[in-house]
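The primary structure of each chain is shown beneath.
Protein chains: 2
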Amino acid sequence: MVYDVGEKRVNKALKVGRRYLSWVQNSVFEGELSPALYQQLKADMGHLLDKTHDSVIFYTWRTERYSTREILGQERGTGDPFL
Amino acid sequence: MVYDVGEKRVNKALKVGRRYLSWVQNSVFEGELSPALYQQLKADMGHLLDKTHDSVIFYTWRTERYSTREILGQERGTGDPFL
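Heads up: the protein sequence lines correspond to chains P and D, in order. Adding 243 to a residue's 1-based position in the first sequence gives its number in my numbering. Adding 243 to a residue's 1-based position in the second sequence gives its number in my numbering.
Just so you know, these hints were derived from the structure itself, not from any lab. Please note that the accuracy of each hint is not assured.
The list cannot tell twin chains apart, which means a pair is met if one copy fits it or any two copies do.
Stated by the list, open to error - In the SDA-like style, the derived pairs of lysine to any residue whose C-alpha atoms are separated by at most 25 Å in a straight line are:
| hint | residue 1 | residue 2 |
| --- | --- | --- |
| 1 | Lys251 | Ile314 |
| 2 | Lys251 | Thr303 |
| 3 | Lys294 | Glu318 |
| 4 | Lys285 | Gly320 |
| 5 | Lys255 | Leu315 |
Hey, can you work out the whole structure from these sequences and the hints?
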C-alpha cells in the first residue's frame, strides 16, 4: 500500500496502515492480509481520505512466486518509523 | 519502484525514475522494463543514493496474472508530477 495524503491526514494514514501492515518506508506499507482484512483496510483508509486530494494505491499479489523485492540503500522496515 | 531519499536527492531520483518508468504518486513509479533496462535503472539509482541514508525498493512481477492494482482517491499518474 502506498499513499500520498495531505499533511493533516498523514498521521491517521500511518495509524491505519500500522493496524494492518508493516511500515517499510515513508508512505509505504507491506503485509499479508486475508481478503476480509484487506476489505477492512480499504474501508478504513477510505474513511480518512479527502478523495478530491489524496491518493492510495494497493498492489496485491496472490503468490510471491512471480514477484521479487529488492532494496537499494537502507532497509527501513523496523516496523516503527520513529525508531 | 518506491524511494525515500534525502531532500537534496529527490529531484535526481525523480529524473532517473522518469527516464525508465511512469510517475504515479509521490516517490512511486511504475512501468514495464526489460531485464537489461531494469539493471540500468538500479545502477542509475544506485549512483545517486546516499546508501547510509536513502532507501529504494523495487517490486517486480513477471506476470500481472496474479496481482491487482486498486486506487482510492485520486489517480495521479499523469506521467508528469508537475501538471
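- Can you name, in rising order, the numbers of the hints this structure does not satisfy? Hint 2 is the one this structure does not satisfy, whereas the remaining hints hold.
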